[in-house]
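J.: These protein sequence lines are chains A and B, in that order. Take the first sequence: its position 50, counting from 1, is numbered 36 in the numbering used here, and each next residue is one higher. Numbers in the numbering used here are just positions in the second sequence, counted from 1, shifted up by 1432.
Hint data in this document are derived by calculation from the structure and do not stem from the laboratory. Ideal Cβ positions, reconstructed from N, Cα and C, are used throughout, including at glycine. Any given hint might turn out to be false.
Lysine-lysine pairs mimicking DSS-like chemistry, simulated, CA-CA at most 27 Å apart [to be verified]:
#1 B/Lys1540 to A/Lys140
#2 B/Lys1917 to B/Lys1630
#3 A/Lys117 to A/Lys52
#4 A/Lys142 to B/Lys1540
A short list of chain B residues far from chain A (calculated; beta carbon distances all over 10 Å) [as the list claims (entries may be wrong)]:
#5 Cys1469
#6 Ile1480
#7 Leu1484
#8 Ala1491
#9 Pro1493
#10 Leu1495
#11 Pro1541
#12 Met1548
#13 Leu1602
#14 Met1678
#15 Gln1711
#16 Leu1823
#17 Leu1927
#18 Pro1945
#19 Ala1949
The residues making up each chain are set out below.
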Amino acid sequence: MRKLLLPLLLCCLTAGAAEIQQYGTKVDLAADGTAKATADVTLSGAAGETVEIPVGFKASGYLLAKGPQGLKLEPSAGGVKVTLPPAVGAWTFSFTFDAAGVLMPEVVREGRKPAYPGTSRLLRHAFVNTKDAPILDYSMEASLPAGYRFMAIKEKLPRMGEAEVEPRVRLGKTDGRQTARLHASGLKQGGSASMLLEAVPTRISPLWLLTGLLGMVLYLIFFRDLVAAKP
Amino acid sequence: MTDPASPAKAPSLRELLDMENLTLSAKTRAAQSPTECWMRYLGFPAGIALFLLILYLPAGPGLTGAAQAGTACFAMALVWWVMEPFPTYVTSLILMFMLLVTRTSPAKPIMDVLGMEVIWLNLLAFILSSMLVKTRLAKRLALWLILKFGRKASWALMAFIFIQLALAPLIPATAARCVMTLPLIMVVATIYGSTEQKPNNFGKNLLMLNLAGISVLSSISMTGSSANLVAVGFIQSMTGHRVYYMDWMLAGAPIAILTMFIMWFLGRKVIFPIPVAEQVPQIEGGLGLVEEQYRAMGPLGFQAKKAIGIFAVVLFLWMTDIFHMRWFGVEISAPFAALLGAVMVLFPRYGVLTWSEADIPWHLLIFSAGAYAGGLALESSGAAEWGVRALFGGMNLRTIPFGAAYTIIVAVMMYSHLLTTSKTVRTIIMIPIIITMAKALGWDPVSMALPAALCIDWVVGLPINGKPNVILFATNQFTVMDNFKYGITTCTVGLGLLVLSAATWFHWIGITPSFWAMPK
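Just chain B, same shape as in the assembly:
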């Protein structure tokens, strides 16, 4: 942890904004406290112990050997990702090997994860992100943002909530949104003195707020992610109830937006309190120098204009994906739009970058691949579904009022993201079970399924849980434990608001019955 009482000597703005420093390096962040040292030391045996414990447990009735072994492997990797005895990408490689030797998964599906859409999107988006950095568009935007809103840390953080709020309905792909804003986030963090070498609490707040904002604000609309639409499809086919765009928005938007403002406050004041000294830009010469730097950049150069043009094309394709089939006879999905952008960026003579200038963090892609291989193995071996059924099957929800059953179901949905790496897979497993259970209990299935569906996008607990999390984790400015603390608090705030809404707002607009109603 950075000592808040004695901030490091402020480097010059030129040093801070030197773009060479903004590469996403694969170096392991040094442990910053004795507790972290012990966590790393004990993390390895703790992971092995958990693996052996789960592997040697008596066979569960509904569990295959592969599912049990897969759970053991994933639990071990989870402990290692959190306690970091190894770099996260080494843990991912070990996990992939373990999935094979425990016969959880055959070799092909494990290897195939590196060709998944999400990995491609990450890779291509990093090329676009490098373009923003190299053409200094990111620096220009960040300096402008700081001059407009950055006099105080709290305003700068607030500005990012509005940026993510504006982007959420326009770009459904969370990774795309993340990569668009990543260079901006890094430059602003740098101006406030938070770097990979010396991360501070402002940087943690900034990264965590964006991590939460990108995911949570996707739940504002039902088109915010494809998993939302899968849930709407299940609700319609299994209950006959059609969820309209406005139904979803009326329920989801207030909760998502309110959560972000609560986290903006809690983050700065409670989770990662920002010392007074860090609440202003950490640069010699203050904002005057920032302004001077901004002016010194002069008007937009040709390369920067080219970069804006390329980004506009990609952004246009990301935003208009629902019209592609009619316009082009084919849908250009988010990775392919980014691929087109990458072709333009890397085009000889007329492009913006050469391949060697693109900052592609391969360690991050390997980390993602391992996490996805583990997540998919849990799904394909049936471990995830077995876990959900065993959890709900062990509860007697018939004897408790609606509000209590609702709270349990929504809480399970909210926190279950910690063990999954795909929103869609989680939706496919959870939503039909919730609908069936609500029917069996005699409740309107929509009263349980719609609020549960609102939790789909809240994948903020760990770096492995979502694409933006992995990308932001690559900045090396926060630990897995930091992510866990902030993410769990975000989910708990969201859960509290969902429960409060069930007792009030949702009941008034006809989604839920009385909070204290008993099953018929």
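So that you can see chain A by itself, here it is in the shape it has in the complex:
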């Protein structure tokens, strides 16, 4: 019995020893809701250990883009399974995949009022660390398709800790396209980070300009007595 338990215990210890130091995904969104994603991962683990990594997207077409000799990548339920090279150390690698349903129009349930205009698209990303290995630093950066901008950040989780200064979701711009970066640290198994953003076409309706100019002219005409010379 003892002979059986000892290897099992060792196996558990080594399995739990893997740790993902850095996990950053960059997602290039297309207007039809599909996306091309590149994930950069730095993880440490035992020689030849197999580590499961969740991706947080409806993903397909995984491809190892860059990595050390001997590292293997294969799809698994809800993510990828990485087999580390037969040596101890920290490994950095990248993989790409196709994601679907990332930037979508609002789905209005029957009998409900829509909450967003028809031109809006929702960027929804919920990442849950469903696997054993803790993720010390997680980020996901999505670039909007050209011609779109973010209207509002509707949700960002987890709540900021007292000592955290960087916002949970930070907006930026890369190659003229607006980006949203979700960042969280210390995601143990079950830990999660999510964001929901509304994107709208960049072009602002000229109606604002016309109404504003008309209002200005009408005011200047109908209120001109304010500065008329008093008899």
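Assemble chain B onto chain A, guided by the hints.
T.: Chain B only, in chain A's frame:
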């Protein structure tokens, strides 16, 4: 502007002190100069032009569409509040509508502002204030004050600095302090000939000095406002440095008190110079008549004694809020203490007022609601934080000595209140950024964060920036531009003293490094 050379014919004291005249009316103050007429005329197109300009600017990298639209709406309202093409409450209503149609904010948060604690506190405090007026306690106190200190305008103004100085450590709620002293302020202003119909420079000085005193003197102690405590919490959690009560007081008290005395001088001599003719009470019969009126009031009546009792209960609850949890198992916050007072005031048969006798300026509450809706939209849409980060991110503070970086950071903190309506929100946005920036520059974070925290309460630039400002603005005796002039001067004096302190006093007591030290 009142012509200082020809003061209006002095009305009788009885007319001046007729309490019916002291209602906070919703009438728009008439423009008093051709410049003001033109400001009102051009204010509307100027606001629209600024709105369109900001709305159609290319999308900023870190800015959402809602934040950009919210900034455009707020900027438009700010121009309208300052230039007054419409009454301020109409501007607030327009702002609330614009926040909805530009999709800056959903309907619920906009509507919810009318239920905010600050609005309730204002409403209930006005009921208490009406009680002071109706029972003639305010008139009695004001006449006494004038007889003791009011022979000269400068003494009367000085007396109010001491009143606010005495109240500041006792009552942390600035709105409560303001409403307590408002009837007194109005009666004294009236005695010096400043009324809603004919405001004069004494009245402006009196109102502005109290506006500044109520806010600025809150920075004397770290318990002066809840936002101060939020800042202390950030300093402790992000730097591990505990700021003690005396640390704060040693740094904050001299600056706040000195600023008030400087403003007492500058206000009378430079900003709103008081003509010689207005430096004495503007009443026929002089102080003799004031004394006669005071004597004629006789001893305190039963209603007045009841009012003192009710006010004492409310004051007691305001002053002892830190003990409530232990005493009652629940904290009776400032609005609820005022609510209890209002129940006693309005109680059938045994109260002091009927509902119709309470002078509640609803236009003022609507003005406040609009300002808060705009301020909250800037915060929730991320526009305020984006602005601060963009501002600091655009400066290269690594190549300049501590003193220069300190001056920039404290100045940003000091003047940033012009664009906010909540001290706490401003603190939550600014203090962590300042601490992080000081760390990145290699300075002790406390050397930047504590002086910046001392500016939290200096919300004196515009009527929308603080509760007391809104309440005092309701007297219709000063314009938004008057408030801006006085407020900016107050902030600039405070900033000058903070910079001077960093080079001397703060360095000696170990808060700041050498003023000319370079980043490591």
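J.: Please go over all the hints and tell whether each is borne out by the structure.
T.: Against the structure, the hints:
A threshold of 27 Å between alpha carbons decides the hint, and for B/Lys1540 with A/Lys140 the separation of about 15 Å falls inside it, so the pair holds. In summary, the hint linking B/Lys1917 to B/Lys1630 is supported, as the alpha carbons are separated by about 20 Å, within the 27 Å threshold. A C-alpha spacing of about 23 Å is found between A/Lys117 and A/Lys52, which places the hinted pair at or below 27 Å, so the restraint holds. At roughly 20 Å between alpha-carbon atoms, A/Lys142 and B/Lys1540 fall within 27 Å of each other, so this suggested pair holds.
Listed as a non-interface residue, B/Cys1469 fails to keep its Cβ farther than 10 Å from every Cβ of chain A; the least gap is roughly 5 Å. Consistency note on B/Ile1480: stated as away from chain A, yet its beta-carbon is not over 10 Å from all of that chain's, at 5 Å minimum. At the 10 Å boundary, the C-beta of B/Leu1484 falls inside the reach of chain A, the nearest C-beta of that chain being 5 Å off. With a minimum CB-CB distance of about 5 Å to chain A, B/Ala1491 fails to clear the 10 Å threshold, and the non-interface call is violated.
With a least beta-carbon separation of about 3 Å from chain A, B/Pro1493 fails to lie farther than 10 Å from that chain, contradicting its non-interface assignment. Distance check for B/Leu1495 against chain A: the nearest CB is about 7 Å away, which does not clear 10 Å, and the non-interface claim fails. No Cβ of chain A comes within 10 Å of the Cβ of B/Pro1541; the nearest lies about 12 Å off, and the non-interface call holds. Distance check for B/Met1548 against chain A: the nearest CB is about 22 Å away, which clears 10 Å, and the non-interface claim stands.
With 10 Å as the threshold on Cβ separation, the claim that B/Leu1602 sits away from chain A holds: the shortest Cβ distance comes to roughly 31 Å. No beta-carbon of chain A is positioned within 10 Å of the beta-carbon of B/Met1678; the least distance is around 25 Å. With a least CB separation of 32 Å from chain A, B/Gln1711 remains clear of the 10 Å interface cut-off, as annotated. With a cut of 10 Å on Cβ distances, B/Leu1823 stays outside the contact zone with chain A, its closest approach being about 16 Å.
No beta-carbon of chain A is positioned within 10 Å of the beta-carbon of B/Leu1927; the least distance is around 25 Å. B/Pro1945, annotated as away from the interface, keeps every beta carbon of chain A farther than 10 Å; the closest lies near 22 Å. Remark: the non-interface label on B/Ala1949 is consistent with the geometry, its nearest Cβ contact in chain A lying 24 Å away (cut-off 10 Å).
Hints 5, 6, 7, 8, 9, 10 from the list above are not met by this structure, while the remaining hints are.
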